[in-house]
Amino acid sequence: MLDAIWSALGEAVTPISLLMLLIGVVIGFLVGILPGLGGAVTLALLIPVTFGMDPVPAFSLLLGMYVVSAIAGDFTSILFGIPGEPTAAAMVLDGYPLNKKGQAGRALGASLSSSAIGAIFGAILLMALIPVMRPLMMGISAPELFAAAVLGLTFIASLSSGSIHKGLVMATMGVLLSLVGIDPNLGTERYAFGSLHLWEGIGIVPVVVGLLGGAEVLQSMLDKEGHTKTAVAPHLGGILVGVKDSFRHWWLMLRASAIGAVLGILPGLGGSVSQFIAYGHAKQTSKNPEEFGNGAIEGVIASGATTTAKDGGHLVPTIAFGVPSGASMAVLLGAFLILGLNPGPEMLGEHLEVTLSLVWIIVLSTIAAVILGYLLIRPLAKLTSVTGRSLVPFLIAMLTIGAFSNTSSLDDVWIMLVFLAIGVLSTRFKWPRIPLLLGLVLGEILERYFTVSYTLFQFSWIGRPGVIVIEVIIAGMILFTAIRIALKKRAAKGELLTLGGRP
Amino acid sequence: MRKFALGLAALAIVGGTLTGCSSAATSASSSPEQAAEKLKNQTITLVVPFDPGGGYDAYARMLAPKLGDELGATVIVENKPGAGGILATNEVVHGKPDGKTLVLLNGPGHLGAAIAKTNGVRYDAKTMSYIGQISSEPDVLVTSKSSSIASADDISGKRFAATGPGSNEYIDAIVLNQQLGMQNQVVTGFKSSNEASLNVIQGNVDLHSRSLGSQQPGINAGDLKPILVIGENTGAKEIEGVDNLLDVVNDDQKELATLHTKLISSGRLIAAPPGIDPGTLQVIREAFEKVMTDEAFVKAAADSGRPVHYASGDDVQKLVNDVMGSPQEYVDLITKAYSG
Chain A
31 MLDAIWSALG EAVTPISLLM LLIGVVIGFL VGILPGLGGA VTLALLIPVT
81 FGMDPVPAFS LLLGMYVVSA IAGDFTSILF GIPGEPTAAA MVLDGYPLNK
131 KGQAGRALGA SLSSSAIGAI FGAILLMALI PVMRPLMMGI SAPELFAAAV
181 LGLTFIASLS SGSIHKGLVM ATMGVLLSLV GIDPNLGTER YAFGSLHLWE
231 GIGIVPVVVG LLGGAEVLQS MLDKEGHTKT AVAPHLGGIL VGVKDSFRHW
281 WLMLRASAIG AVLGILPGLG GSVSQFIAYG HAKQTSKNPE EFGNGAIEGV
331 IASGATTTAK DGGHLVPTIA FGVPSGASMA VLLGAFLILG LNPGPEMLGE
381 HLEVTLSLVW IIVLSTIAAV ILGYLLIRPL AKLTSVTGRS LVPFLIAMLT
431 IGAFSNTSSL DDVWIMLVFL AIGVLSTRFK WPRIPLLLGL VLGEILERYF
481 TVSYTLFQFS WIGRPGVIVI EVIIAGMILF TAIRIALKKR AAKGELLTLG
531 GRP
Chain B
197 MRKFALGLAA LAIVGGTLTG CSSAATSASS SPEQAAEKLK NQTITLVVPF
247 DPGGGYDAYA RMLAPKLGDE LGATVIVENK PGAGGILATN EVVHGKPDGK
297 TLVLLNGPGH LGAAIAKTNG VRYDAKTMSY IGQISSEPDV LVTSKSSSIA
347 SADDISGKRF AATGPGSNEY IDAIVLNQQL GMQNQVVTGF KSSNEASLNV
397 IQGNVDLHSR SLGSQQPGIN AGDLKPILVI GENTGAKEIE GVDNLLDVVN
447 DDQKELATLH TKLISSGRLI AAPPGIDPGT LQVIREAFEK VMTDEAFVKA
497 AADSGRPVHY ASGDDVQKLV NDVMGSPQEY VDLITKAYSG
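Each protein sequence line maps, in turn, to chains A and B.
According to this note's numbering, the stretch in the first sequence is residues 31 to 533, in order.
According to this note's numbering, the stretch in the second sequence is residues 197 to 536, in order.
Keep in mind the hints are simulated off the structure, nothing from the lab.
Take the hints with a grain of salt, since some may be wrong.
[Unchecked claim] Facing chain B, a subset of chain A residues (Cβ under 8 Å, in silico):
(1) Gly217
(2) Glu230
(3) Gly231
(4) Gly352
(5) Pro373
C-beta atoms are modelled at their ideal positions from N, C-alpha and C, and glycine is treated no differently.
Please work from the sequences and hints to get the whole structure.
Quick look at the structure:
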């Protein structure tokens, strides 16, 4: 195995592989920063280029591009408050407020360094799992995915800034919205009102763009003069501060990476869930949870690390059984087949070197992205010195294209506008938006995998080993939260007593 | 007042961004020479009704540059996923028949939905202008390597996996149940056909039918074993010696089995909106034939794991007419496969 690791490195650093890697990194940066051009579409466009190439240079181009697009996607979230990709939604929550405070450099630095650590963490996990990934995947089916979605639900409380009740209402609304579309089991239409577009349900891309990005843009349009951020000059010296911040919170960075990578292994869960779990976890364990949503650097670090860590995890089911998690991995799987590689035992035996070279490609492209990103942060952060208002036309075009590109359909622009309105109203009346988003994503998973689990196993699935592990985690989480609340109450009581107030 | 102006400006930008996404053109009846001249240096859109990255997308992107060379035009691929392909097909059918809009269809899905007159279908499949067939492959029914099922004789009482009603894999399950006189349960709700396949490998469910190209990796990895071929066997080594549906059905079911074989073998089709003028249709069909009979293209396609299979536009038109004129028994069967 050790020999194979080094010879895979040798393959990954041949001149042609490195050249492809660099091209991939540059394309990945552009794709990540521009909303509307998603990683999956770009991968599909790049595949014909790899015809006739050897596997390692081909993956240097494809995987290099893909990994870097996730890192760069966070940049758009921080700079404009519009997620470059749906998996960069959690980054908006604290990255954009930091930018508004004039700390764009710091947020970008922290996101870049935590993304890099996350990506490398995911790659190492992928390598560590090589001997056991096939037996591991044999134990992951619908029940495990259902249990993981229930785990996701338990984070609603911590993601509801302010009132938990409001959070629950919003999450329920999200679950109800997830019912729109063709019933996954019976094939009947639900709440589609004759619109074929709604057959596929309400897409996450237009919702994220409208609910988070659109609402911010409208806010800055409605801002009274003088409220725009002209006054605050961007603080560029903060890049290194951000990098230092992320290493100061190294333990959080590792935990967030682990959440992203481990949940990434579950096909069908998707990256949009794990980012909120990592973010919620960061908030729960933070000493200053009240700062979350107003520019907590820990929020940036957790979202950055988890978004990139998932890629290493995503590759596990793809390599082990050819089951891709999500659109991008499906395209990458296509590339495997075109290059004559069969996912399965072959990738772990005969073609082990190719699998190991994927690990190196993730590491190398991350390093290249960090260098390139460091050079680009300064010019990018200068963009934030442009007044909010003059950016508005540009941002509206970005929102429209971002929503439209989901399925090249005007209907998605209408959906984006509806959620923009919901976003503005919830900000105005202080209703949390994230539970709505989480409910929408989890609702579909919960329904689908509950029915599949039941049809496959009736209720005996509750005792499956993977499910028990997740059940224990959920119980631990509830216990942990209960203890924390109890301690807080006692502390508050104590404070009141020492202040001489009535108990 | 300023707010109002800002709002107007915003609307104008949204509008401007959107109108950039559509274009208009004119068309009139013309001779092949005139038609060819009219398509020169134009942009032709090849609509793919599925997400980027899948098999349909791969075939479209393979074909687009070559077809463009033959026509002296630029052929671009546009992905318009939704409603299992019906969304994009509806749009193309009601688009301008000027030869500048083509669509890559999933034959079995397209014709199946049309036969079943499923909700949302707003076209008559017979009226479309077919350019030709780009690929055709049979479906293969598989089970896990460790399963006790050895042949089609053992599958009664076992469970099928499928994504959902109306999918190709669900239609196969319903057709097999009827043709082999079985009452097998179909477990639906899997998010993707790959996920359904993993559950077969895990032994959670027994049977799964989908296209040969999708089954090949699992068979080659030794995780899956082929049980039955549905459709014309194209001679791939993975399914050598495996029974065909036509061989295992009783004589009274032969007619329906033959129709179903036709439906599955309709494969991937290229079509244009109905009412295209004959000259333009001829030009595009000829260009398509040239690409599909070019040895270098055929070889490159096979090498990339996407083998092509050519049938002319006329042949496809005949096949569509045959399938659309199916006896009521088959129509009822397919309708059942769509209603779940």
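So which hints don't hold here, by number, going up? 3
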